[in-house]
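Top line first, the protein sequences correspond to chains A and B. Per numbering that gives the first Met the number 0, residue 0 is the first one in the first sequence, and the count goes up by one each step. Per numbering that gives the first Met the number 0, residue 0 is the first one in the second sequence, and the count goes up by one each step.
Because the hints were derived from the structure by calculation, they are not lab data. Here the structure is a predicted model, which means the values were calculated and not measured. Just to be clear, a hint being listed does not mean it is correct.
To give an idea of the chain A side of the interface with chain B (calculated C-beta under 10 Å), a few residues [as the list claims (entries may be wrong)]: (1) I39; (2) L85; (3) R88; (4) A96; (5) I100; (6) Q105; (7) F112; (8) G117; (9) F233; (10) A237; (11) F240; (12) L278; (13) I284; (14) V287.
If you only want the chain A side, here are some residues facing chain B, beta carbon under 10 Å, derived [to be verified]: (15) N92; (16) M234; (17) V291; (18) E299.
We put the beta carbon where it would ideally sit given N, CA and C, even for glycine.
Listed below are the residues making up each chain.
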Amino acid sequence: MNEYFTMIFFTGFLSGLVRIGTPILIVALGELISQRSGVINLGVEGIMLAGSFSGFYICYLCNDPWLGVIAAIITGGVLGFIMALLSVRFRANQIVAGIGIWIFCQGLVGFAFRRAFGIITLPPTVVGMTDLPIPLLSRIPLIGEAFFSQSVLVYFSWVMVPVVYLFLKYTSWGLKLRSVGEDPAVAEAAGVNYMLVRHLAVIFGGAMAGLGGAFLALNVLRFFTDDMIVGLGFMAVAVVFFSRWRPVWVLLGAFIFAAASALQFRLQAMNFPLNYHILLMFPYIATVLVLVLFVRGEEEPGALGTAYEKER
Amino acid sequence: MENEANNRRRSIWAVLWDNDFLFPVVVVLASFVLGALLMLISGVNPLIAYRALFDASFGSSNSISETMVKACPLLLCGLGTIVAFRCKFWNIGAEGQIYAGGIMAALVGALPLHLPGLVHIPLMILAGAVGGALFAFIPTFLKVKLKINEVITTIMFNYIAIHLVGYLVHGPMKGKGFLPMSEKLPPECCLPRLIPATRFHLGIVIALVTAGVVYFLIWKTVLGYRIRTVGENLTAARLGGINPVSVVIWAGLISGGLAGIAGMVEVGGIQTRLVEGFSPGYGYLAVAVGLVGQLKPLGVVLAAILFGALLSGSNAMQSAVGVPFTIIYVIEGFMIMAISARFMKRRLK
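Extracted from the complex, chain B is given alone in its bound form (with noise of 0.2 Å):
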C-alpha cells in the first residue's frame, strides 16, 4: 500500500524530470517563487510586484512591443547559443559577438553608398553577421586546434569588445556631439518601425523568421544533423566519418553571426547608432534562453519572450514597489542551474 504510493509520487517526478515542456515551465514557475521569496524578505508584496511587472510587459501594445522590442535580440542570441551548445561548444560570448556585430553593422551603416534601404540594410544584416562570426572564429579555432577552453576565451572576448566598443565612440567614431557616440545612421539605414507610436521594428520579424531557419538547419539539413551527433555522441560522430573540428568551426561560425544580427538589429532599429554598452546583457541572458527553450527554437522564442518581458518590465517594477531589477539575474540564474541538472542527460529529441 505505501509501497504503492511511493511509486505513484516517484512517477509524478519522473514525468516532470521527463517531459521536455513540462520541465522547464516547473523551473520557471519555481524561480518566480524564488523572487517572491526574496521579495517577501525585503518587505514588498510579490503581488503588487509581479502585477507591475506583467503590466509593464504586456499591458498595453506598446509594452507588448517594448518586450518584443527586448525579445528580438535575446532571441537572436539564444538561437546562436543553441546552435553551439547542440555541438557542446560553450559558447558563452554572444555578449562581446553582439557588439562586434554592432560595430560592423554601423560601420557598413555610416558608408556613403546612396543606396536604396532595401540594399543597405541586407548589407548591414551581412556586415553584422560577419563580425560577430569573426568574433567568435578566434575562440572557435583555439578550442578546436589548441584544446583552449572556450568559456574563459569567449567571455575574455566579451570584455574585450565592450572596451572596444568603448575605444570607437570615444576617438575615431565618435559622432559631432558632446556625447560618445557615433553620427546618426542616415534613416534609410534604420530598420523601419511597423506598428506606429511604438519601437516595433522590422528586425522583430527578422528574428522570427531566422527561428524558422535555425530550426531547418538543426533538424533538415546535414549540418544540423552533424551538430547534433558530434554534441550527443563524438565517437559515434567519428566512427560516422564526421570530422568533428569542422563542424564545431561552423557552429561556432553560425552562433557568433546570429549574435552579430542581434548586434545589428540593436544598432539599426533601437539605437540608430553605435552606442557604448549598448546591450544591457542580452547576450549572457541569451545563455538562459537557450536552456529554457530547452535547444529548441520554437522553445527559444516562448523563452525569449519571457526574458524580453522581465527586461522590459523589471525597471517599472523598481519604480513602483523598489524591487531592484537585479532579481531578474537571480531567478536567470537560477534556472540555468535548475536545468543543468537535468541538461544533456537524456537524449535530445
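So that you can see chain A by itself, here it is in the shape it has in the complex (with noise of 0.2 Å):
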C-alpha cells in the first residue's frame, strides 16, 4: 500500500479534493440560506447543470470566463426564482417541485446542447479560467499548491464561509431570515416579510447553484457534456443535512464529501487494483455513510420544508 502514498499521490489528492470541493461548497452555502428559511430545494442538482452549460456555452462564444460566471449567475438565479414562486408563492410541496426543477433543467440543458453543438464525438471545450497563485503561501510545500495555487472562485468559496456566517448571526436580515425558518408565523408577527425573505433565500440559492455549476466547467473540466454534475449538487444538499445547518461546518462537509470523490479519481489513475465500477461507487456509499454517521433530523429548522399559509 505504501506505494500509493507517495508525495504526488498525495499532492494530487489534494488539489483534486479543491476541484471538487469547491463547487460543492458553493452550492452548499446557498442551499444553506435557502435552507435556513425553510425552503429544501433539491433542484439544485439542475440548477447547477444549466448554470455550467450557460456558463460553458457564454464563454465559448465570447471567450471570456468572466462573462460565463455572469451568466451561470443569472441562469441560477432565474431558476431558484421559479423554485421560490413554486415552493413560496404557490406553497407547492418542496421536495416535488425541487425534482420537477432538476428534470426540467436537465431536458432543457439536453436540447439546449444538442441544438448548440449538434451531433458530436468529442464534447466541446473552452481555455476557462486562469488560476490566480497567491505569492508566498503557494510556495508552502505539500499544501500550497493545492490550496493557493488555484482559481480566485476558488478564494471567494472560502470568503464566502465566514460572510454566511456571520450574516446569519449578526446582521438583522440574518435574524429575519432565521426567523423565517423557524417560524414564519411569529415572524411575519413580528413585522419580518415572509414572502420577500424566502423568495430572496431561495433566488440566492439557486444563483450560488448556478456558480458552483460553472465553476466545475470552466475551472475544473473545461469542457461540457450533459451527464457531468452525477449527483454533485445532490451531495451538496447532503453536505448542509451534514452541516446541521451551521456554514463551518459545511466547509469540512464539502471537502469530506469531496475527498471520497478525490480518492477515487487518485486511485483511478493509479491503477489502484480495484475494480474501477467499485470506484466509481464509492463517493455515494460515503455520501449515505456520513448522513447515517452524522445527521440527526433533530436539530432541522423549525419550519424546513413546510409552506407557510396566512390566516385570513
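Once you've looked at the hints, go ahead and assemble the two chains, each given alone in its own frame, into the complex.
Next comes the structure, spelled out in C-alpha cells:
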C-alpha cells in the first residue's frame, strides 16, 4: 500500500480535493441560506447543470470566462426564482417542486446543448479560467499548490464561509432569515416580510448553485457534457444536512464529501487494483455513510420543508 | 357587472384547479405547448415534429406495441411511486430499484434449475421484487429510524446500482461474448411475446394486472388505509393507533418491489440478459407518471402510456426533424413543477 501514498499521490489528491470540494462548498452555502429560510431546494442538481452549461456556452462564444460566470449566476438566480415562486408563492410541495426543477433543467440543457453543438463525438472545450497563485502562500510545500494556487472562485468560496456565518449570526437580515425558517407565523407577527425573505433566500441559493456549476465547467473540466454533474448537487444538499445548518461545518462537510471523490479519481489514475466500477460507487456510498454517522433530524430549522399560509 | 364577470372567470380556474381529471389534462396540454414553443425557437415546425412523434408511437400495430413496451416499466415504477408518495415517502430511487430487480432476476434466470417457464418465470419475478424491495429498504429504514432525508439516499442508491450493474457485466456476470453483458437467458426464462412480429410481451399484461392489485391495495385493504392516513394526516394517524414507522417501511418495500418487477420485466422481456444501462431513466420518469396520474392507479396507467408514447416516439422525432429527444425531459419537468403547485393541498380522494 505504501507506494500509493507517495508525495505525488498526496498533492494530486489535495488539488483534486479542492477542485471537487469547491463546487460542493459553493452550492452548499447557497442551499444553507435557502434551508435556513425554510425551503429545501432539491433542484440545485439541475440548476448546477444549467449554470455550467450557460457559463460554458457564453465562455465558448465570447471567450471570456467571467462573462460565463455572470451568465451562470443569472441563470441560477432565475431558476431559483422559479423554485421560490412554486414553493413560496404557490406553496407547492418543496420536494416535488425541486425534483421538477431538476428534471426540467436536465431536459432544457440537453436540448440546448444538442441544438448548439449538434451530434458530436468529442465534447466541446474552452480554455476557461486561469489560476491566480497567492504569492508566498502558494510556495508552501505539499499544500501550497493545492490550496493557494487556484482560481479566484476558490478563494471566493472560502471567504463566503465567514461571510455567511456572520450574516446569519450578526445582521438583522440574518435574524429575519432565521426567524422565517423557524416559524413564519411568529416572524410575520414581528413584522418580517416572510414572502420577500424566502424569495431572496431561494434566489441566492439558485445563484450559488449556478456559480458552482460554472466553476465545474470553467475551472475543473473545461469541457461540457450534459451528464457531468452526476449527483454533486445532491451531495451539496447532503452536506447541508451533515452540517446541521452551520456554515463552518458546511466547509468541513464539503471537503469530507469531496475527499471520497478525489480519492476515487486518484486511485483510478494510479491503477489501483480495485475494480473501476466499484471505485465509481465510492463517493455515493460515502455520502450515505456520512449521513448515517452524523445526521440526526432534530436540529433542523423548525419550518423546514413546509409552506406557510397566512391566516385570513 | 364587472364583478360578476370576474367571479365567473375565477370560477373557471377554480373548476380546473379542483378537478382531478381536468387539471392533469390541462397540465399535459400546456407542457406540449411549451415543447412546441421550444421547437419554434429552434426553427422546427412543431406540427411536423408532433406528427412524427405520434406516428412513431401510435401509427401502426408495431409502434403501439413499442409504446406499450416502454409504458410497461413506467407503469410498474409509477405504481411504486404512488404507494410511496401516498404516505409522503419520497422514493426517487425507482431507477436503482429497477437495476437491483434486474440483477436479481438475471441471477435467478441464469440458475440451471431446469424448471418449466411456468415456474421459473414467477421465481424471477419474485427475485426481482425482492431485489427492488431490499434496495428500497435501506433508505426507508434510515428515514424512519434516523430521519435521514430519503430523497438524497434513494438518489445515491441509484448511482450505486448503476455502477453495480456495470461492475457485474464487466466482471463476474460477463458472458462469453466481447460485449459487457451477461449470458443470454435460456428461452424458457424469457417472457413470451404475445403478438407475433412485435415485442409486446407478457410483462405488459402483468403490469396492467398489477395496477388493479395496487388499486385494491390502496382502497380496499387496511394497509392501504393506513398508508393514506399517514400521508394525509400524520397526527390523526398516530391518534388512531397507527404506527407510522411500520406503515412507511411497508410502503417502501412495496414501492421498491414494484420497481424491481419492472427491472425483471426489462431483463426477461426485452433484453433477455443483464445489460449495462438497460433503463433509459424509467425510474425518474416514474415520478412524473405517478404525479400526472394524480397518485391513482388508473391515472398512472394513462400517464404511463403517455410517457411510453413520448419515449418510443422521441427518437423518431429526433431523426425526422432534428428535435433532440431530451425535449421529453423538459416536458416532464414542467409537468412535475406544475403539478407540485397543487399537489397534496387538497384532500386526495
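Checked hints:
1. For A/I39, the interface hint holds, the least distance from its beta-carbon to any beta-carbon of chain B being 8 Å, beneath 10 Å.
2. Interface hint at A/L85: satisfied, since its Cβ lies 6 Å from the closest Cβ of chain B, which is below the 10 Å cut-off.
3. Given the 10 Å rule on beta carbons, the hint for A/R88 holds: about 9 Å separates it from the nearest Cβ of chain B.
4. Given hint, A/A96 at the interface with chain B, holds; its Cβ is 4 Å from that chain's nearest Cβ, closer than 10 Å.
5. A cut of 10 Å between beta carbons decides the hint on A/I100: the least distance to chain B is about 6 Å, and the hint holds.
6. The interface hint given for A/Q105 is met, as the beta carbon of that residue sits about 5 Å from the closest beta carbon of chain B, less than 10 Å.
7. Residue-level restraint check for A/F112 holds (minimum Cβ-Cβ distance to chain B is 8 Å; threshold 10 Å).
8. Because the smallest distance between the Cβ of A/G117 and any Cβ of chain B comes to about 9 Å, under 10 Å, the interface hint for this residue holds.
9. About 5 Å separates the beta-carbon of A/F233 from the nearest beta-carbon of chain B, less than 10 Å, and the hint is met.
10. For A/A237, the suggested interface contact is upheld, since its CB lies about 5 Å from the closest CB of chain B, less than 10 Å.
11. This hint holds: A/F240 has a C-beta 6 Å from the nearest C-beta of chain B, less than the 10 Å allowed.
12. For A/L278, the shortest C-beta to C-beta distance to chain B is roughly 9 Å, which falls under 10 Å, so the interface hint holds.
13. Contact between A/I284 and chain B, as hinted, is supported at the beta carbon level, the nearest pair being about 6 Å apart and thus within 10 Å.
14. Because the beta carbon of A/V287 sits about 5 Å from the nearest beta carbon in chain B, less than 10 Å, this interface hint is met.
15. Using the Cβ-Cβ criterion of 10 Å, the hint placing A/N92 at the interface with chain B is satisfied: the shortest such distance is roughly 5 Å.
16. The beta carbon of A/M234 comes within 8 Å of a beta carbon in chain B, closer than 10 Å, and the hint placing it at the interface holds.
17. Residue-level restraint check for A/V291 holds (minimum Cβ-Cβ distance to chain B is 6 Å; threshold 10 Å).
18. Contact between A/E299 and chain B, as hinted, is supported at the beta carbon level, the nearest pair being about 9 Å apart and thus within 10 Å.
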